[in-house]
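Peer 1: Model the full structure from these sequences, guided by the hints.
The listed protein sequences derive, respectively, from chains A and B. Quick note: the first sequence uses my numbering, first residue 157, plus one each step. Quick note: the second sequence uses my numbering, first residue 13, plus one each step.
Simulated from the structure, these hints should not be mistaken for laboratory data. This structure is a prediction, so every number in the text was calculated from the model and none was measured. It is possible that part of the hints are untrue.
Unchecked claim - Just some of the chain A residues that point at chain B, by a computed CB distance under 10 Å:
| # | residue |
| --- | --- |
| 1 | Ile158 |
| 2 | Leu162 |
| 3 | Asp229 |
| 4 | Phe252 |
| 5 | Thr266 |
Stated by the list, open to error - Below, simulated DSSO-like cross-link-like pairs (lysine-lysine); rule was C-alpha separation at most 27 Å, straight line:
| # | chain 1 | residue 1 | chain 2 | residue 2 |
| --- | --- | --- | --- | --- |
| 6 | B | Lys50 | A | Lys298 |
| 7 | B | Lys312 | B | Lys50 |
| 8 | B | Lys50 | B | Lys275 |
| 9 | B | Lys211 | B | Lys195 |
| 10 | B | Lys394 | B | Lys161 |
| 11 | B | Lys312 | B | Lys381 |
| 12 | B | Lys211 | A | Lys292 |
| 13 | A | Lys166 | B | Lys161 |
| 14 | B | Lys312 | A | Lys163 |
| 15 | A | Lys173 | B | Lys312 |
| 16 | B | Lys257 | B | Lys191 |
What the hints assert, rightly or not - Computed beta-carbon distance windows for the label pairs:
| # | chain 1 | residue 1 | chain 2 | residue 2 | range |
| --- | --- | --- | --- | --- | --- |
| 17 | A | Val280 | B | Gly28 | 24 to 32 Å |
| 18 | B | Glu329 | A | Asn250 | 18 to 26 Å |
| 19 | B | Gly28 | A | Leu162 | 47 to 55 Å |
| 20 | B | Gln330 | A | Ile227 | 18 to 26 Å |
| 21 | A | Val280 | B | Trp18 | 51 to 59 Å |
| 22 | A | Phe202 | B | Pro409 | 47 to 55 Å |
| 23 | A | Asn250 | B | Pro409 | 19 to 27 Å |
| 24 | A | Val280 | B | Lys315 | 49 to 57 Å |
| 25 | A | Ser278 | B | Glu329 | 29 to 37 Å |
| 26 | A | Ile227 | B | Ala103 | 37 to 45 Å |
| 27 | B | Val331 | A | Ser278 | 23 to 31 Å |
| 28 | B | Trp18 | A | Leu300 | 33 to 41 Å |
| 29 | B | Pro319 | A | Asn250 | 35 to 43 Å |
| 30 | A | Val280 | B | Asp405 | 36 to 44 Å |
All C-beta atoms, glycine included, are put in the ideal place defined by N, C-alpha and C.
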Amino acid sequence: MIRQALKVFKALNSNEKPWQLSLGLAFGSIIGLMPLWTPHNIVLLFLAFIINLNFSLLIIGFFIFSGIAYILDPLFHQIGLAVLTSSGMQEFWNGFFSNSLFLFDRLNNTLIMGSLIFSLISAVPLFFLINFLIRKYREYLKGLLEKVPLLKSLKLAKAFDTFSGGGS
Amino acid sequence: MKIFRWQGVFAFALIGALVGVFLILFLDGMIERAIEEKGSDAAKTQIDIGSLTTSVFAQAITLSSIEVANPDNNLENLIQFESLSLDLDGAQAVSRKIVIDELQAHGIRLNQKRTHPAQLPEGVKSGQDAASADQKAFGLPGLDGLSMKSPEEILKSEKLETLEAGNRAKKIIDDLKTKWEKKFADDLNPNALEETKQKLAELQNKVKGGGLTEIPQALKEFQTLQKDIQDRVDRITSMKSELQKDIQMAKQQVADLKNLPQKDFERLKNKYSMNPEGGKNILGSMLEGPLKEKLDKAWKAYKMISPYLNRGKSPAEQVYVRGKGIDIAFAKTSPDFLLKHGDLSLILFDTEVKGELKDLSDNQQVYGKPARMNFQSDKNEKFDSFKLNVTMDKTGPQSQDTLALNIQGLNLQNTGQAELKGGSAKVTGQLTIADENNLKGNFKAVLDRVSLSIPEQKGNELANTIAQSLSSIDQINISVGISGTIESYQLDIKSNLSEIISKAIKNVIGDKMKGFESSLMSAIQSQTGDALSGANGSLSGLLGQNKILSNSGSAYGGLLGEAKGGASSLGKSKGGLSLPGGFKLPF
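Peer 2: Listed below in structure tokens is the structure:
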């Protein structure tokens, strides 16, 4: 986890575009907020592999939002229940779930449906917010933090690791 | 900066391949464990699988040595299969439905002993207890119940109504007696009588020795005393009537006891004596117990399976659990579980009976077809023909499950019943279970050329004689009617055996029964004698109270007469003082 945090720090200070970092975190939040073993998570993972996003932030996001998901579990259930049992949508759902693919994805489950809706909606502002924060960080804080002696020594250690063939 | 990194596809494919290899290596074990664990939880009994192999490409699963333990007996399997092959419809798995196109089940055996005890849920009785209960197997038992108990033994285990009623009556009468003794002590104080007598005597003396001036005062005192005595007499009269009522009640209690010894005698005689009519009950008790044991087992299995076959009517109730959510069911077009066709092979009486299972689904209302199972076998060394048809129809609002059995020429020699040494049987019948609860059925068995060999019981002459008479029977007809509900059902068992047993009993026990009856009556009388005489004694005591009250009443009556006499003589004096010779003074 410390290694992942250092990687995040490194990414923040690297030449990677802010959207790569924020998209990694947004993907991590979607995967983390939803139950792990669902088929659409495999699709998201595939997308994460082929889109040039930051994987360390995806993993960090996954762990952080998994914890948040546990706390928000009853809320997800309520959202899913409200959406799936809404009287005006029954006809739509009957047609929707006549496609076996959606049943296979278990979208008729209150928790999966609720967490999917919540994570997709929250991922968009999260993406733009993180994007904005990274820009601001790089603009104002990056230069200042590089002057901190501890971070300097970390950088030196990293350079030594790379030189001596150790590290990742 | 590129948006896509195409090398990610290879990385994803590599991870996918690793997962695939892992599944190929461990999927079988994972499924096997999942079936054993989840299946055991659902069925509330242990399920064991010897081995399981899957073929993803052929969409097939093969299982071997499947054992489902009996939840009531952990040393027995309810059902076991030598092998089970399933051809699945893989496309349906995408919709999370299990559709089995073809099933092959071989070596199905029922109620087989387990090699090792099963772990059963808490609260289920141990195998040893259940096994011992099971030893009272179905069929003709060893006539254990035909030994005759002595009256002393009977009375040790039986409660006598006479004894209980006698003690109860004695207590009631004793309580009444105590009540009246207390009342007498309070209201009929002997000192009070003496005091009244003394008062009267004093008043009389006072009148005799007193002057004319004291007459009005004496008259007043006489009247007061007279009123006092009158009150007491009235009180005694009312007590008398109350006591009479209590005495009547006590007498009734004692009178009621009179017929009770005879009643006890009749009850115990009917229960324990081997009268010819009792023979009919013997057959019922011989067959009813083991039959009910088997049927209870069958109902339990039926109740266990039924909910899984009727999801349309009773969908599984879901409760929100953190991390799991609830699956919302939308309009179904097909059941979640469907077995289209299955070939079965049942091992019955150590011979193979082929069968077929069709359209077994968890939601017949959606599928629209009832589940059917039939077993059929032609002539072999065990029977001439065997037919078993089971239909579970839950397509309508009310389920209708039927079982029809027809066995012709069943060889009785090797049916597993030690008592049956030869002969053949014809068993036919039908059972209908409406709405998964209401039973209606009738089964008939005709046993021809029967050869019964019932083990001899040392010292039980009666059982041995009856066993001997049964050994010469040529044909036995038994009919069993089933009615009621699964929770509370009745068996109506009829057979010509009843007549045979009654006849045998009549011949053997005629004289014995006379002796038994007289000694039973004597035993009852001697055991209840104390209670009856105790009740009678208490009644005499209560009657004694009546005498006390009567005596007291007459004593006060006498005093009242005297007081009245005294007062009236003084009253007369008021009109003119009496003189000897009838003369009267003018003032």
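Peer 1: Confirm or reject each hint.
Peer 2: Status of the hints after comparison with the structure:
no. : hint                            : verdict
1   : Ile158                          : 24 Å, violated
2   : Leu162                          : 22 Å, violated
3   : Asp229                          : 5 Å, holds
4   : Phe252                          : 8 Å, holds
5   : Thr266                          : 4 Å, holds
6   : B:Lys50 x A:Lys298              : 55 Å, violated
7   : B:Lys312 x B:Lys50              : 20 Å, holds
8   : B:Lys50 x B:Lys275              : 59 Å, violated
9   : B:Lys211 x B:Lys195             : 24 Å, holds
10  : B:Lys394 x B:Lys161             : 41 Å, violated
11  : B:Lys312 x B:Lys381             : 25 Å, holds
12  : B:Lys211 x A:Lys292             : 127 Å, violated
13  : A:Lys166 x B:Lys161             : 97 Å, violated
14  : B:Lys312 x A:Lys163             : 62 Å, violated
15  : A:Lys173 x B:Lys312             : 67 Å, violated
16  : B:Lys257 x B:Lys191             : 13 Å, holds
17  : A:Val280 x B:Gly28: 24 to 32 Å  : 29 Å, holds
18  : B:Glu329 x A:Asn250: 18 to 26 Å : 22 Å, holds
19  : B:Gly28 x A:Leu162: 47 to 55 Å  : 29 Å, violated
20  : B:Gln330 x A:Ile227: 18 to 26 Å : 23 Å, holds
21  : A:Val280 x B:Trp18: 51 to 59 Å  : 26 Å, violated
22  : A:Phe202 x B:Pro409: 47 to 55 Å : 48 Å, holds
23  : A:Asn250 x B:Pro409: 19 to 27 Å : 23 Å, holds
24  : A:Val280 x B:Lys315: 49 to 57 Å : 53 Å, holds
25  : A:Ser278 x B:Glu329: 29 to 37 Å : 32 Å, holds
26  : A:Ile227 x B:Ala103: 37 to 45 Å : 39 Å, holds
27  : B:Val331 x A:Ser278: 23 to 31 Å : 28 Å, holds
28  : B:Trp18 x A:Leu300: 33 to 41 Å  : 38 Å, holds
29  : B:Pro319 x A:Asn250: 35 to 43 Å : 25 Å, violated
30  : A:Val280 x B:Asp405: 36 to 44 Å : 54 Å, violated
Hint compliance for this structure: hints 1, 2, 6, 8, 10, 12, 13, 14, 15, 19, 21, 29, 30 are not met, and every other hint is.
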